[in-house]
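Enquirer: The chain contents come next:
Number of protein chains: 2
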Amino acid sequence: MRVASTIPEMKCLRREISGTLGFVPTMGYLHEGHLSLVRQARAENSVVVASIFVNPTQFGPKEDFKTYPRDPKHDLALLESEKTDIVFMPSDVEMYPQGYSSWVTVENITEMLEGSCRPGHFKGVTTVVAKLFNIVEPNKAYFGQKDFQQATVIRKMVIDLNMNLEIVVAPTIREKNGLAMSSRNAYLNPQERQAAAVLYQALTQAQQIRRKGQKDAEYIRREMYTLIGREPLAKIEYISIADAVTLEELATIDRPAVASLAVRFGKTRLIDNVILE
Amino acid sequence: MRVASTIPEMKCLRREISGTLGFVPTMGYLHEGHLSLVRQARAENSVVVASIFVNPTQFGPKEDFKTYPRDPKHDLALLESEKTDIVFMPSDVEMYPQGYSSWVTVENITEMLEGSCRPGHFKGVTTVVAKLFNIVEPNKAYFGQKDFQQATVIRKMVIDLNMNLEIVVAPTIREKNGLAMSSRNAYLNPQERQAAAVLYQALTQAQQIRRKGQKDAEYIRREMYTLIGREPLAKIEYISIADAVTLEELATIDRPAVASLAVRFGKTRLIDNVILE
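Line by line, the protein sequences give chains P and W.
Throughout, the numbering used here is defined as the position within the first sequence, counted from one, plus 355.
Throughout, the numbering used here is defined as the position within the second sequence, counted from one, plus 355.
There may be inaccurate statements among the hints.
Because identical chains cannot be distinguished in the list, a pair is counted as satisfied if it fits within a single copy or across any two copies.
[As the list claims (entries may be wrong)] For lysine-lysine, the following DSS-like pairs were computed, each having C-alpha atoms within a straight-line distance of at most 30 Å:
| id | residue 1 | residue 2 |
| --- | --- | --- |
| 1 | 478 | 495 |
| 2 | 438 | 366 |
| 3 | 417 | 590 |
| 4 | 495 | 366 |
| 5 | 366 | 478 |
| 6 | 531 | 438 |
Hints in this document: simulated from the structure, not taken from any laboratory.
Construct all of the structure, not just a fragment, from the sequences and the given hints.
Expert: Here it is as structure tokens:
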């Protein structure tokens, strides 16, 4: 496994590669969710590249950029054990040198949900992902469904800007109690971790109600509010039932939809979602 | 010479190419300025691709998008005679399909000069150029120095977003009277065309004053205002002496600088510039 810490180094390694390249961009502190993406990339490509970069531009000024969990040594060991070929691990200044001033933005699907709670978040995400795509030049890039809106936004960017790769979105990996794997789960104390199981309970309940034929989105949202509202440690930021493509809130579920939520447990902000068929 | 009118067609042709690709993006209505870029691309690359696309997103609502001169048949004949291999000539809807919503922006060097007279102009330019670069995947792309700020902005975008190509900026080609070649010169009546020679006179005067050792930028700007002000058909929009890299207006010329201007003759808006050494 090779580790590149500069952009020229990574571009140089890229030029030596023939065959298809599968890319897993991460912010490190890897868990089974990331590793499942690496395994899928490994199965589908000649070469696998992962990146570890806690992207400062996607954090708001009051968010957890400085305290975001980091453990590069452990990450590299995990990636090596999954037969990753190359890890790209740049510094902040390598990605955003003095005077940096170019941005990629996607409109219309970035203002709601995560975008409304985290203004500027997706501008940081699309910009760093566009940069990483230009540096790594993957044939396929792998993202987790847990960040559903992020995957939707990145897919839109790739289509609109005619980028030459395929975006693969892989299923959310969960703890035994249903909690979606996330690096931020490290912030939870044991009580909060247990309480956070209510998120997936609410999402699966939404799926069940929908499968029984319920089309009234507001009815399902209210059921979810009620269930999560019973958990005293949970502070709801949003509960959404939206068009799975445009992310517009639905009144009637008459097309592919996604139920998603953001809920705080203490200082920890968790997100999760399921598709409603 | 092959002509591609859809993005998949162009990407398909691209995949068949080995060797280096030189790209000349244009808005058509080609003149010697464009052709000099094609010749340089021809000399420096295995394959030459030109594009013809009058990009709607870089025109303001009151600008000349609808009346911008177009002559695709003549353009294709000229490109063929210059041994262009492929011409990419997409429709508006091919480049901006319904629901299009992704943008590339460069901050800090797009607010002044052309940006201040044409708000949103550079957002359209950087977006379409990023799209064209992803579609054509050139090794080198050629731009004319006449659009100095545009070339500077595109170069900044390429560096910041880590795009995999080199930007080549080639000298402005001029009519015998010094007027910089431009598709918009077609708008000028004979009197205006003659009067517009004053722009290059003012720019060469600025160079001469600078070469004599004058470092006071405001002195040179005033000389330029005076000379152009004597021409009754000329309406000055701006006259600038700016840092050639940051495009910030200079008080003292103590670094590489560019003298640039935008002046209207009747309904026609002309721009031009020279480097001050």
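Enquirer: Of all the hints given earlier, name the ones this structure violates by number, lowest first.
Expert: none
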